[in-house]
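We have chain L already, so just place chain R on it with the hints.
These protein sequence lines map, in sequence, to chains L and R. Heads up: the first sequence is residues 1101 to 1335, going by this note's numbering. Heads up: the second sequence is residues 1101 to 1335, going by this note's numbering.
Keep in mind that the hints are not guaranteed to be accurate.
Pairs involving identical chains hold if they fit within one copy or between any two copies, as the list cannot separate such chains.
[To be verified] Computed cross-link-like contacts, DSS-like style, restricted to lysine-lysine with a CA-CA straight-line distance of at most 30 Å:
hint: 1; residue 1: Lys1285; residue 2: Lys1188
hint: 2; residue 1: Lys1127; residue 2: Lys1188
hint: 3; residue 1: Lys1302; residue 2: Lys1285
hint: 4; residue 1: Lys1116; residue 2: Lys1302
hint: 5; residue 1: Lys1113; residue 2: Lys1302
hint: 6; residue 1: Lys1127; residue 2: Lys1113
hint: 7; residue 1: Lys1127; residue 2: Lys1116
hint: 8; residue 1: Lys1188; residue 2: Lys1302
hint: 9; residue 1: Lys1127; residue 2: Lys1302
hint: 10; residue 1: Lys1113; residue 2: Lys1188
hint: 11; residue 1: Lys1188; residue 2: Lys1116
hint: 12; residue 1: Lys1285; residue 2: Lys1127
hint: 13; residue 1: Lys1116; residue 2: Lys1285
Think of the hints as simulated: they come from the structure by calculation, not from any bench.
Protein chains: 2
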Amino acid sequence: MSTEPRLLEVRQKVLKQNDLLARSLRKRFREAGVYVISLVSSPGSGKTAFLEKALTLLRSRYAVAALVGDLATENDAARLARSQAPVKQITTGTICHLDAEMVERALEGWNLDELDFLFIENVGNLVCPSSYDLGEDLRLVLMSVTEGEDKPLKYPTIFNTADVAVITKMDIARAVEFDLEAANKSIQSVRPGMRVFEASAKTGEGVEEFLHFLESRRNFANQDFIGEPVAQCRG
Amino acid sequence: MSTEPRLLEVRQKVLKQNDLLARSLRKRFREAGVYVISLVSSPGSGKTAFLEKALTLLRSRYAVAALVGDLATENDAARLARSQAPVKQITTGTICHLDAEMVERALEGWNLDELDFLFIENVGNLVCPSSYDLGEDLRLVLMSVTEGEDKPLKYPTIFNTADVAVITKMDIARAVEFDLEAANKSIQSVRPGMRVFEASAKTGEGVEEFLHFLESRRNFANQDFIGEPVAQCRG
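Pulled out of the complex, with its shape left as it was, chain L reads as follows:
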């Protein structure tokens, strides 16, 4: 299509502006000692259920908060607020991803110094969020056992730009004849060496294991911090 190159060019400028803002956000997060995790997945993969469980468990030992993006409704913020953690909804209208500016705006009024962990749940989408850095320390991609084991092959970029994967809804894996080996093979072929957790927000399976991983990552990041942000390991 003849107009595509122009569209791409404008989009690249938007991305560049986003990257600069994300870099300053990352610096703020690091200086405040808050470890930031973003969540991306297809709509309906169970991001919110997983996050609600994680917030509920973590808040007994850490100061945690969450931002949650959606095109419309505040449903997810209401669900996450049941964890008793501070939560803000970002509604994006027709935009299929969060960007650094939306995150920065949503953080107004929050004292980052008081937080240990901040979670950012992106809009449910396997394409758009991949290009937008939000200043996070760790990007988590979730896929549920109902989505088909080849999702990573079909949406390689979102798996490539993520740091770890969580397979959700493991409690119904048998009912939907989920093939764990095939799913792992798909993930590893797109992002070799990626750490994969298996979890169920309903039974709690795997959630604590994931949280221990986050704690050790946070400790490592804070140890390592000597005024400059650590290099991002994103590919």
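Then chain R, alone, in the frame of chain L:
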């Protein structure tokens, strides 16, 4: 963001060009007497499984074919080809939707006069495909019982631009504690009066009912055709 208005402007030009091409495609489809159905949904909602079942059942009494879009892989075309119907894969790279030009290009070499039904499976995405007319007669939005009953509220545009809805994976509705009434309420609040089918590609439940609906729609469209396309009922 300061660059957003420019980005929107360029995007509107792309859309306008797409609309012109979609209009000419719609005319070609109508003249050839082929009824065209597009499928949109979140990744993993079961578009391909539903379509495979529909193609397999329909091809005993009609000439059917399918185009299937994905960012990468030809996995879905391979699955659909098991129905013995002609199938072509459209790989979009990093683009999160099909457009009319991709459809036109994929149709090269096919004689539309020989077809009764053409299905176009869009890239799994609840945002991007909504703005792109593909020249289809009917746009079908699918949501699975595992996705959460409020998906239509969170992604109103894709439900608004669709003509009918199919709730998929009904065979596991009980296992995932799906609330059919809540889902229907969400759909109707976004798109009042929308016809909703409940189906399972695995058990076959609801698929024949949907196909009868398509047959009657096709008969109606062909009866109505006197050289000009009928008005689109899309909202």
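Evaluation of the provided hints:
With identical chains, the CA atoms of Lys1285 and Lys1188 are at most 30 Å apart between copies only, with a shortest distance of 26 Å across copies and 36 Å within one. Taking identical chains as interchangeable, the C-alpha atoms of Lys1127 and Lys1188 lie at most 30 Å apart only when both belong to the same chain, with a minimum of 21 Å there against 48 Å between chains. Both within a single protomer and between protomers do Lys1302 and Lys1285 lie at most 30 Å apart by alpha-carbon distance, with minima of 25 Å and 25 Å respectively. For a Cα distance limit of 30 Å, the shortest separation of Lys1116 from Lys1302 qualifies neither inside one copy, at 40 Å, nor across copies, at 46 Å.
For a Cα distance limit of 30 Å, the shortest separation of Lys1113 from Lys1302 qualifies neither inside one copy, at 42 Å, nor across copies, at 46 Å. In the homo-oligomer, the alpha carbons of Lys1127 and Lys1113 lie at most 30 Å apart inside one protomer (22 Å), although the nearest pairing across protomers, at 38 Å, exceeds that limit. Taking the shortest alpha-carbon separations for Lys1127 and Lys1116, only the intra-copy value of 17 Å comes in at or below 30 Å, while the best inter-copy value is 42 Å. In this homomeric assembly, Lys1188 and Lys1302 come within 30 Å of each other (Cα to Cα) only inside a single copy, at 23 Å, whereas the closest approach across copies is 40 Å.
Taking the shortest Cα distances, Lys1127 and Lys1302 never come within 30 Å of each other, neither inside one copy (35 Å) nor across copies (50 Å). For a Cα distance limit of 30 Å, the shortest separation of Lys1113 from Lys1188 inside one copy, 28 Å, qualifies, whereas the shortest one across copies, 35 Å, does not. Proximity of Lys1188 and Lys1116 under a CA criterion of 30 Å is satisfied intra-copy only: 26 Å inside one chain copy versus 36 Å between copies. For the homomeric pair Lys1285 and Lys1127, neither the shortest alpha-carbon distance inside one copy (35 Å) nor that between copies (45 Å) is at most 30 Å.
In this assembly of identical chains, the alpha carbons of Lys1116 and Lys1285 never lie at most 30 Å apart, being 34 Å within a copy and 42 Å across copies at closest.
When the structure is compared with the earlier hints, violations turn up for hints 4, 5, 9, 12 and 13 and for no others.
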